[in-house]
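As they're listed, the protein sequences go chains A and B.
Position one of the first sequence corresponds to residue 1 (our numbering), numbered consecutively onward.
Position one of the second sequence corresponds to residue 1001 (our numbering), numbered consecutively onward.
By construction, these hints were calculated from the structure, which means they are not laboratory data.
Think of the CB as a built atom: it goes at the ideal place given N, C-alpha and C, for glycine as much as any other residue.
Just so you know, not all the hints are guaranteed correct.
[As the list claims (entries may be wrong)] Computed footprint of chain B on chain A; a stretch qualifies when at least three of its residues, placed anywhere within it, have a C-beta under 8 Å from a C-beta of chain B:
| hint | region |
| --- | --- |
| 1 | 23 to 31 |
| 2 | 35 to 46 |
| 3 | 58 to 72 |
| 4 | 107 to 113 |
[To be verified] Here are the simulated DSS-like pairs of lysine-lysine, each with C-alpha atoms no more than 25 Å apart in a straight line:
| hint | chain 1 | residue 1 | chain 2 | residue 2 |
| --- | --- | --- | --- | --- |
| 5 | B | Lys-1317 | A | Lys-169 |
| 6 | B | Lys-1019 | A | Lys-121 |
| 7 | A | Lys-48 | A | Lys-129 |
| 8 | A | Lys-70 | B | Lys-1423 |
| 9 | B | Lys-1411 | A | Lys-70 |
| 10 | B | Lys-1317 | B | Lys-1292 |
| 11 | B | Lys-1565 | A | Lys-48 |
| 12 | A | Lys-158 | A | Lys-116 |
| 13 | B | Lys-1423 | A | Lys-158 |
| 14 | A | Lys-48 | B | Lys-1423 |
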Amino acid sequence: MDFTQNYFEIFGLPVDFSVDRGLLSARYLELQKHLHPDNFIGSTDQEKRLSMQWSTLVNTAHITLRDPLKCAIYMLQLHQIDIAENPSLPADFLKAQIALREELEAIENNPTGIEKLGTFKSSVDSVMKSLQTDFVTALNDDPQAAAEVVYKLQFIHKLRLAADHLEEKLLGY
Amino acid sequence: MALLQITEPGKAVDPQLRKRAAGIDLGTTNSLIASVCAGVAKTLPDQNGDYMLPSAVRYLADTLIVGAEAQQSAAEDPLNTILSVKRMMGRGIDDLSRFGNRLPYEFVPSDAGMPRIRTVSGDWSPVNVSAEILKTLVARATETLSGDLDGVVITVPAYFDDAQRQATRDAARLAGVEVLRLLNEPTAAAIAYGLDSGEEGVIAVYDLGGGTFDISLLRLQKGVLEVLATGGNSALGGDDFDQVLAEWLIDASGYTKQLSHAQLRAVLMQARSIKEQLSSNSEVDIDIIERKFSYQGSITRDTFNQLIEPLVEESIKACRRAVRDAGLALTDISNLVLVGGSTRVPCVVSEVEAFFGISALDGIDPDRVVAIGAAIQANILVGNRADDEMLLLDVLPLSLGLETVGGLAEKVIPRNTAIPAAKTQEFTTYAEGQTAMLIHVVQGERELVEDCRSLARFELTGIPPMTAGAARIEVLFQVDADGLLSVSARELSTGTNASVLVKPSYGLSDNEITGMLKASFDYAAEDAAQRSLTEARVEAGRVIEALSNALDADGEALLKANDIKLLRDAIQTLERLISGTDYKAINEGTERLGMASEDFAGLRMDLAIRRALAGRRIGEVDQDFEQDSNKSRYR
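The following block holds chain B by itself, in its conformation from the complex (with noise of 0.2 Å):
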């Protein structure tokens, strides 16, 4: 519990009472995982010492092999080893064709719209593939911090749609792991060097990494660190680099016909290798010869240079359209973090310094600082909090829009708008007692709904029969902390609720999710009432102790003294009903505990925003303030 879970500066949390919490950079090509041990933030490193696990997966007939092992046998078994899964994350199978024929897969649609990868061992969802690396990740945490994790953060490229962020959020949710937020990379790293340094002023967070782009400033200032603008291309990296030098190194061999699979992931591996040999030297010689395919000669980092050239080009105007968005000039920005491996390469770091005309930070790993990052914000969240805490304040990357008569995008919360969100929209009906409405929901910058990505249709039903335009159905669109949208719809003339029911684009349903996780072989191994009654347990016991917290923290202040006997009683009988093993009795006790602190949850909330506008810390309650709420002190 944040707001309540201050201890007294100088004093640690008591061990016993500390709970796991780790960050996980869940990367195109590589995944960390980090956790603070100690006060400090670190990557936790596997048994071979080794803390990148490579974003591989490679399916065999009955079982499946995770990191440097998969990623190995890339070019050997190309169809059953999937990498950079991540940007095929929340895509649709014309998404994917869109990348190039290159991604060496056999895809089979689905009726979802997120395809399926064809592997001996079964079709998967690119969910299911990112959920074996989070296992093997988490499975790491838990064995070098000796029991389960509380709960994790997981980065995401800031320009991630809400599709792709959807899908993050339920690949966690196959591997069992319990997400406190999704957490933009940039500002992941913008924390990893902001604590440390404990600056003030705006810091641009430029991010090149496998598959993804983005730039972020955000301002840091009184405690908050505050996201001003977010731009990027989410289909833009390092692997377009190697895409550049594998095309050249085609070209140049003069091979004409069409390269298979296998050749076609040596070429790309090859190109990988010169791309990073070519960050230290300005010439390397090549000598390839891969199943009829032979190259022998050289490239210069200059040729290269101007092969990635275009590239390099096209983050630069993101980043002076987000200067812009951001409503800064260059010479507002006092600080510039560069993460992602594909700022190793030399002409990238030049160009980026020159544009914004400062040296970029250094000290933190590039490859590490995210998850670092991530691992310091689930400390904070979980409840391990140091008494000098951050706050967040993040913004929606890309506009969100409804589809309106001519196939035109209408914006209904523009980008960059601060998150949580909320917005509502008024709809009548067209025809004599129509009862139902269909909503589509994009999301992206341009006009027409074609060019934006399709997240979601929504059907309303239960709109009750009316003439036609006389219905007045507001639609509420609000986006959470994530980043992540619901949507909900009511008539306004008779105050009927009507349902939603939503087909996401690119997604997996919640049927879907729940028949995959049947289908796991961990799930099949474990008895279905125990695993309910196990969660029955864990929430019951996580309302307690918040609640608990609560009336420890404000009971005395803002209850009457019978009023906290009742909502102790009501712990004490829920407490009792946990030792049971009725899972259903739990799950109605922890649903009424929470019903009978409605109430006292309120009056917390109107302390925090009264101790807020008095500028007071934590814990000074002034009683003054319970009296005399309605003069105007304020001014």
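Next up, chain A with everything else stripped away, as it sits in the complex (with noise of 0.2 Å):
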């Protein structure tokens, strides 16, 4: 076992999108109970060093696989590409975003606002479920079609943030 392991790899999971959250956090939690730090605490340097290293690195790898957003960006990286800073986008997709956005304001000026959040926010995740789905069939067949998935996925990620921040807002958080 190496550090250039991927993080599937560290967990003993196949590399896979639809990764097994119950097994992730069992053998996450199994990993970190032998390699924490707190296990070296009288041990040599050595030892103390590697600790820390490895076990910063579970943490790392166990937040990316949980994530879908950032594991789908990780898995690309697998795939030796890189997301792009300021992607192109389609025109009808960023019509499609603006749109959202407008009806997110609208919430939000609204009086009754809070209900209308509640089916908001289920219509964003069902999006975000069918471009994870889209994702998963271009990974294979396409890196470069599911890097343009992860674009979208990406808006729409913090469409469901602000979406948040909204709620919080008028709950008054």
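Dock chain to chain to rebuild the complex, using the hints, since each chain is given by itself in its own frame.
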């Protein structure tokens, strides 16, 4: 075992976007139980350093795999594709995004907005789900097309965060 | 050696090999020390039977007093009696003036950003003051346990930022005590309760102390206590209750002149006493006469509740946010633990229980629960562990960010990320032939740098001169298991390591701490060479013990006979050096032994990983895994 393993290999999981969350969580806890620096307080400096590096890597891998967007970006990297900072996206997708943003703004200015927000969030979630399916399909055949799906996912993800922030605001957090 | 020093179930650690460890609750108002004795964690009392040490230090011309006696002199000698020093740890002079102009001390600005407090015996930083409290507690434990401590766990509020944590570690260094780990106070409380009940579920720990408020949500499952989210306010606590009550008293008295330091201190102490009485009485009579300031009257609990309502609401807001951050619903939370003296205020208890919809656990004194949890953790970390050990997984309490163009803070590691954590970020040069670069690290959630806490400025030098934008500097931000940040950098295209010079915004530099150590009384009394020799022997002994244990446990499974012999011989060589008096030779020997064990350390780490993934218990070595480590056996 070495530091060049990919994140899936670290947890002994297949390289697959549909991560088994239960297994990931169980193996994460088990690995940290053995590797965490708390286990090496009385050890040599060499073991302390390795433990810190491994424990850090396991944390990073866990954070990446349990989050679908992070996991998708990581899987592209495994296909040697880096995410562009300012990707260009099809006009109809951007138009749909603008419409969704306007819908969210309308909810903010509506006195009964909080009720509508729930429906809005679940429609965003279903778009996210279908994009995730597109990603899995595209990744094996055409990684470049998969990258485009990830750019769309990033948009939807930001929209979802904006909806969460609005919810916090409307609920008075 | 955690992985290896596992005794057979039912067998206790040999009393001769037991190490002395203690947990320290370094509190704003009171501090405690606890230790596990005969399997039970207990707070250790002083000679008078008091287990709480008031966190008060009084400086006299040529000596100092710590504890109750110091606290009593606060009103008569306010400038030389330092109370609530925890609120000043890792803070700049601007932060301190924001607490209101009412801190009754004379501050002296210093280069390091952390101000000094002027006293009759000189100017002292909050780190010095905390170190005195630590020394007093450690001396108490050394006496009770009949020997020097091998290590301590010190608790800090979960919401403490990097500067405040570093200041706490620095205080321990000044006090000459080995810190095994900084532990978040709420986590300590959960450990105290968690190990008792052996339950599984989500625990909310509401911790309202004298000066700080923390909320933590932790999940206990399969022997791992995982911090899901923390939140709070590092400047909210019972002292604020005293403050609003004192302000009410001053308003009600009609006294219009500026109060003197002594008067103010006296009114604050009266306010605290009234607050405490209101916990058991619905109305309290007041009769204060303090050097021309006087007030006679009464206050009801309802009036007091109204005064503190905005403060309690502030804490409930933080709870709501933490539940959301953890991705939980209120109904997921199965246990509520209250910590800190301020949770004795009835209106606090009722509002918090109402918010979570459950009753708080009790059974452990809220004043002692943090120290007890810290003692349990210290006992585990030092190696005296029971069969049923527990691992703690903590998170970064506040986001770490970098200053970017326009004074904006760009988040590098978001809050509530599991630690240890690391992140690399690439930078490039702006000018032709640029060889240095300044990186400003901040901590906090706000978008503007000026609204975050400035942690440090890192100056990278030694960048090879190139055309603008050609250099690729990779900066690694590493947060360790204590939540402390370190930074390293290298230039990628040439592989040059850039050196990093740290200027902590509010901390003490290494040189300053060394200077303080040298200036201390105990240091002057001791021969510097003797001290170096003792330190070298302790370190060498630690490495020998660690490696011997590792060889006993895994040597035969992982190494060839010849390699084992080489390491054993190297251990013997170092043992011979220890019996000599050349500390430099000992230090070199320790380093050589460490390097010789490098490969073995790597093999042991691999073994730990295989055991973890195979779900095996420690000690069951499966030789099959040694041979075919590449098959996809885990699927």
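Evaluated hints:
Proximity of the region 23 to 31 of chain A to chain B, defined as three or more residues with a beta carbon under 8 Å from a beta carbon of that chain, is established by the 5 residues found. Check on the region 35 to 46 of chain A: 12 of its residues sit with their Cβ under 8 Å from a Cβ of chain B, so the three-residue criterion for coverage holds. A stretch counts as covered by a chain when three or more of its residues have a beta carbon under 8 Å from one of that chain; for the region 58 to 72 of chain A and chain B the count is 4, and the coverage holds. Coverage of the region 107 to 113 of chain A by chain B is violated in this model, with 0 residues showing a Cβ closer than 8 Å to a Cβ of that chain against a need of three.
The straight-line distance between the Cα atoms of Lys-1317/B and Lys-169/A is roughly 12 Å, inside the 25 Å bound, and the hint therefore holds. As the CA atoms of Lys-1019/B and Lys-121/A are separated by approximately 55 Å, the hinted pair breaks the 25 Å bound. Under the criterion of a C-alpha separation no larger than 25 Å, the hint pairing Lys-48/A with Lys-129/A is inconsistent with the structure, at around 42 Å. A hinted pair counts as satisfied when its Cα atoms are at most 25 Å apart, and Lys-70/A with Lys-1423/B qualifies at roughly 14 Å.
Restraint check: the Cα-Cα separation between Lys-1411/B and Lys-70/A comes to about 16 Å, which is no more than 25 Å; the hinted pair holds. A hinted pair counts as satisfied when its Cα atoms are at most 25 Å apart, and Lys-1317/B with Lys-1292/B does not qualify at roughly 41 Å. Between Lys-1565/B and Lys-48/A the alpha-carbon distance is near 23 Å, which keeps this suggested pair within the 25 Å criterion. A threshold of 25 Å between alpha carbons decides the hint, and for Lys-158/A with Lys-116/A the separation of about 19 Å falls inside it, so the pair holds.
Under the criterion of a C-alpha separation no larger than 25 Å, the hint pairing Lys-1423/B with Lys-158/A is consistent with the structure, at around 22 Å. Of the pairs offered as hints, the one joining Lys-48/A and Lys-1423/B holds, with about 19 Å between alpha carbons and a cut-off of 25 Å not exceeded.
In this structure, the earlier hints numbered 4, 6, 7, 10 are contradicted, and the remaining ones agree with it.
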